[in-house]
Amino acid sequence: MTDLPAPLAELIEDFEAVGPKDRLQLLLELSEELPELPERYADADLEQVHECQSPLFLTVEVDGSTPDAPVSLFFKAPREAPTTRGFAGILHTGLDGLPASQVLAVPDDVVFRFGLAEAVSPLRMRGMVAMLSRIKRQIRDKVSG
Amino acid sequence: MPAPRDENPAFAEYAHPERLVSTQWLADRLASPAPDLVVLESDEDVLLYDTGHIPGALKLDWHTDLNDPVTRDYVDGARFAQVMSERGIARDTTVVIYGDKSNWWAAYALWVMTLFGHEDVRLLDGGRAAWQAEGRELTRDVPTVSPVDYPVVERDDAPIRAFRDDVLEHLGKPLVDVRSPGEYSGELLHMPDYPQEGSVRGGHIPGARSVPWARAAQEDGRFKARAELAAIYEQEQGLAASDEVVAYCRIGERSSHTWFVLTHLLGFEHVRNYDGSWTEWGNSVRVPVEQGAPAS
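Same order as they appear, the protein sequences are chains A and B.
The numbers in the working numbering rise by one with no breaks, and the one at position 94 of the first sequence is 1371.
The numbers in the working numbering rise by one with no breaks, and the one at position 75 of the second sequence is 104.
Hints are supplied without guarantee of correctness; some may be wrong.
Stated by the list, open to error - If you want a taste of the chain B side facing chain A, the calculated C-beta under 8 Å gives, among others:
1) Glu36
2) Asn37
3) Glu47
4) Leu76
5) His92
6) Thr93
7) Asp178
8) Val182
9) Val229
These are computed hints drawn from the structure, not numbers from a lab.
All C-beta atoms, glycine included, are put in the ideal place defined by N, C-alpha and C.
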């Protein structure tokens, strides 16, 4: 797990330590901890992640344009879509505030290390894969070289 | 022992009013112990139940409880018996199912239970949204259940389930495509705002009528009155209760809702759900495909 940023690696350990039922409980907690979208994005045109089963919008801020510039992640998802919110919560808890280069280095298949495919079914994992790839693309657009 | 029927006059017009219960009926039944009744919540979102559910209700997940994890098929009789048993459901228990999205997934679960011939399975009219809109109680308490015996019953697919080859033989007879207009015409390969399910071809099965499933539901998620349903499916689309009809969508969930409407509310006797639906048809080699908007 040394290849992953510490907060993300810790989350994976938390999920690995428990069985499928408790993994869903962890996911529910993360969905409830997902921060509200800041006021300045209230009417903004955010990127929609179409691969999610429920509407999920996200945007990325990078404080600077160098690889070590810190990244902030913002998500919007309805309360009636706790799974989608939970996926967003994992990425927020695991990646928010890290340097751009570290987020870009996270392998695309990391979302399958949470043992969630077994608990929620593999088809439902597609949304989280798409969220991560869209986050990384937005960072690439904002960071030069 | 089955639970009594909901004698709600709003249901009396339907062909099989015993297949629906109202929120008030359910609240009344749950006010005292109801050993003859088990309530199941079946949602698209697997965590929604855990955020709060109708007191006493148990979770039934259409993916992990009803679908075989390997083959694209439903679970077998032994697994189904286990799923029922764990929820305290016996063969003669009344099961009421409700869920999100105007009861899509609830109708899907009801249809799968019907494949196994479970006699008394009903929908909560309006589903989760109606219960919530009325400010009724939700809880996070998960009931503890003592398992009961449920027999291992072989699924009987033929009466209400169509496979691809059945649909090929059925061409020329009534088909109902319940997807969105854009999916029907071939312009979209998936529902608006929903994941790409990877169909190679867009369009519809030749001759299919376009009747998006949501036309059967009112704004609040409850079913429309029988006369309104008849106006859509019988008068407008020219279907008759004696017709053999096949309904389909993308993976068979939205068309379960329409299957319920045609079978239990309008009293059609030969309706099959093609659960392979567009994800199978749109990827099958050499099956005929039609594109374009419905003829008006």
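Here is what the structure says about each hint:
| no. | hint | result |
| --- | --- | --- |
| 1 | Glu36 | violated (32 Å) |
| 2 | Asn37 | violated (27 Å) |
| 3 | Glu47 | violated (30 Å) |
| 4 | Leu76 | holds (4 Å) |
| 5 | His92 | holds (4 Å) |
| 6 | Thr93 | holds (6 Å) |
| 7 | Asp178 | violated (24 Å) |
| 8 | Val182 | violated (24 Å) |
| 9 | Val229 | violated (18 Å) |
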